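**Q** Here is how the chains run, residue by residue.
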Amino acid sequence: MEKPRIAIHKFTSCDGCQLAFLHLGEDLLDLAEKVDIVHFVEMGPINPLAKVDVAYIEGSISTPEEKERIQHIRTNSRYVITIGACATAGGIQALRNLGNTQEWMKAIYATPDTISTLNTSTAISDHIKVDFEIYGCPVNTQQILASLLSVLNKVNPTASKDKVCLECKRLGYTCVMVTKGEPCMGPVTHTGCGALCPSVGRACYACYGPAENTNTASFTQWLSSLGLSDAEIARRFLFIQNNAPAFKEAGLKLRTKKKP
Amino acid sequence: MTDSFKDLSIPIIARVEGEGALHLQIRDNAIQSLALSIYEPPRLFEKFLEGRSANEVVDAVARICGICPVAYQMSATHAVEHIFEMSITPWIHDMRRLFYCGEWMESHGLHIHLLAAPDFLKYPSVIAMAKDHPEVVKRGMHLHRLGLDLMSLLGKRSVHPVGACVGGFYAAPKPSAVKTVLTEFKRSLPLAEELVQWSASLPLAKSTQTFTSVSLRHPHEYPMNAGRIVSDQGLDIDISEFDQHLKESQVPYSTALQCHLHGKPYLVGPLARLNLNFDRLPSAVHTVLDRCKITFPTQNMFHSIVARSVEIYYAMLEAIRIMENYVEPTAPCVPLTPRAGIGFGCTEAPRGLLWHRYAFNAAGLVTSSRIVPPTSQNQARIEEDLRQSLMHYGLDHSDADLRLHSEMVIRNYDPCISCSTHFLTLKVKRW
Ligand code: SF4
Ligand code: SF4
Ligand code: SF4
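Heads up: the protein sequence lines correspond to chains A and B, in order. Under our numbering, residues 1 to 260 are what the first sequence spells out, in order. Under our numbering, residues 1 to 431 are what the second sequence spells out, in order.
Possibly wrong hints are sitting among the right ones.
Stated by the list, open to error - Listed below are the simulated BS3-like cross-link pairs for lysine-lysine, each with C-alpha atoms no more than 25 Å apart in a straight line:
| id | chain 1 | residue 1 | chain 2 | residue 2 |
| --- | --- | --- | --- | --- |
| 1 | A | K34 | B | K131 |
| 2 | A | K129 | A | K161 |
| 3 | A | K154 | A | K169 |
| 4 | A | K180 | B | K174 |
| 5 | B | K206 | A | K34 |
| 6 | B | K247 | B | K264 |
| 7 | B | K186 | B | K206 |
| 8 | A | K154 | A | K34 |
| 9 | A | K3 | B | K138 |
| 10 | B | K247 | A | K106 |
| 11 | A | K180 | A | K51 |
| 12 | A | K169 | A | K51 |
| 13 | A | K169 | B | K138 |
| 14 | A | K34 | B | K138 |
| 15 | B | K131 | A | K3 |
Treat the hints as calculated values from the structure; they're not laboratory data. Computed from a predicted model, the values in this text were never measured in an experiment.
Produce the complete structure using the sequences and hints provided.
**A** As structure tokens, this is what we get:
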């Protein structure tokens, strides 16, 4: 039987999510026995147009070239999995969508006209059909391996729909919101990290993005009652996962709110 | 004479962390133009950091590079502490070193085994290399793993760790957790020693060039978080003076920002650090190096892989020293009181000097920021090296050979193209 073929593609990103593969260590060698890694620039093989069974996509769409490249990948891939906040929501760099990209470019580069970039940084799913999304900034190895195993066994991968809070309580961490009044984003954040921030006594800053069915309005009120200003709350929504719809909406609502 | 004109473009340089292209034009056996172009799209960090609070900056800048997030967090936090007039405790100082040791091991480990060694031993990838050299790959991956463990000890994860804050760490690791890591480090130390000897025994090209090394220098430490910026040509400045001596500019053929020291290219990174701080290494490292046939300082860029191995070995020794003296502190961080002002942070990222400058307002929010990553500093040096190396190698080699040789030269610098604060697509002028 032929080995399943996989590709790992990079778009606008920090390379952090593909490290979930590179940091596998010796398990990477095992993985390479079981699957044929046909395109993974950081590891060696280059074949960007190869037909594959599974394509993992890291990074957001922020240049005209990327807009085009992602279409080819879709055509050539049976199953497309996006990994990380950049790919699933545009990443932290999507903050440009709320600013003025052209002015920002001018502020940083002397001749911005020679650099081809889009005014927005957007999720892969804004451009092509995505079969499965893995949240997090970064995603971790367990998430990646679980998804690969599912696809190779021809079942659709699934992810828990829980919030960080549930994971945090299950692991028995002291609640930083209750004990220290910290503005923890755990109640509205997607699970998967292992409640890392509460484990060191700090508030979650929502790097895994919005959980499903979150009530951001009542959570906003809750943060207000802890003494945070609207601007501070807006910054918490509009951070790593600023362009994820639930957070964007909640953040923008606060930004445009009239001062009482 | 256009007969001998050739334009060699390497569309994607394999196994560089990030993606770039090299455009080379040769005419009459001379290089007419050479340009290293980078596809990395701008992410505009310096602008969206504006309006953010100090600790948001620490979590945000990590996202500039997944391979060296600690470096970004450290340069940022030192800059903020400078502005807020905070002074850290010896415990925090040590833990930051420990954290940095982990990142050097992680980043160098990846580079040596996944990127550089397959080059020197002529394999297309680490996967292919592992079939013939399983023990080398196993050793490398084990040391790399130890680096990740160290990062996780203080930061809970190795990519965008969550443990560091302005003023120190959110929590102190338990002594039992430190002990577990320490035991493994002590057990594995001989492997790092072997790594140094193995890297020195690789078939490294013998080619020396004239270049200036630049790094931090500290009164008694091998530099990581603190020191003055020095060069082997007499530069010796405070980090706040960076701007006056090391200038970012745009070269005529390119939109990429390149850094020059008094108008000339310079080198940052492990080889530069080692060249300038060899005397700051403990005797154990000197002893191992004495057995190898390579002496530092060196002007052979191909010795970079040895420099990285040496730094892995050093990082292990340093980590062991710190962990052996580990005691739980009364507080893992010092309190923070925002103040308005301008501050600088400069630390030694795995790939070299990483300089940050921030201005904060009285409300404790960023009003402006500037970040100069190591790769943009090495950019001009890489091109200079390529010109010399390719001439020396012989331009009459086949395109495929020239391509391979260029890739090897570039990889000595371990260009992290995700230092995307300043990396752009380069436009090549054709005529
Ligand atoms: S999601 Fe985060 S970790 Fe992943 S590539 Fe984007 S910035 Fe890096
Ligand atoms: S610390 Fe945060 S994640 Fe944990 S239970 Fe409290 S609010 Fe939820
Ligand atoms: S910010 Fe939240 S989601 Fe991200 S690691 Fe911390 S606890 Fe987990």
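**Q** All hints are to be evaluated individually against the structure, with a verdict given for each.
**A** Against the structure, the hints come out as follows:
1. The straight-line distance between the Cα atoms of A/K34 and B/K131 is roughly 15 Å, inside the 25 Å bound, and the hint therefore holds.
2. Simply put, A/K129 and A/K161 have alpha-carbon atoms about 21 Å apart, close enough for the 25 Å limit, and the pair holds.
3. About 33 Å separates the Cα atoms of A/K154 and A/K169, which puts this hinted pair outside 25 Å; it is violated.
4. Taking the CA atoms of A/K180 and B/K174, the gap is about 21 Å. The hint holds against a cut of 25 Å.
5. Pair hint B/K206 plus A/K34 does not hold up; C-alpha atoms about 40 Å apart against a cutoff of 25 Å.
6. Between the alpha carbons of B/K247 and B/K264 the distance comes to roughly 10 Å, so the proposed pair stays at or under 25 Å and holds.
7. A C-alpha spacing of about 34 Å is found between B/K186 and B/K206, which places the hinted pair above 25 Å, so the restraint is violated.
8. Simply put, A/K154 and A/K34 have alpha-carbon atoms about 15 Å apart, close enough for the 25 Å limit, and the pair holds.
9. A hinted pair counts as satisfied when its Cα atoms are at most 25 Å apart, and A/K3 with B/K138 qualifies at roughly 24 Å.
10. Distance check on the hinted pair: B/K247 and A/K106 sit about 18 Å apart at the alpha-carbon level, within 25 Å; holds.
11. Between A/K180 and A/K51 the alpha-carbon distance is near 52 Å, which puts this suggested pair outside the 25 Å criterion.
12. At roughly 44 Å between alpha-carbon atoms, A/K169 and A/K51 are farther apart than 25 Å, so this suggested pair is violated.
13. For the given pair, A/K169 sits about 38 Å from B/K138 by alpha-carbon distance, which is inconsistent with the 25 Å threshold.
14. Straight-line distance between C-alpha atoms of A/K34 and B/K138 comes to about 18 Å, which keeps the hinted pair within the 25 Å bound.
15. A distance of roughly 18 Å separates the Cα atoms of B/K131 and A/K3; the hinted pair therefore holds under the 25 Å criterion.
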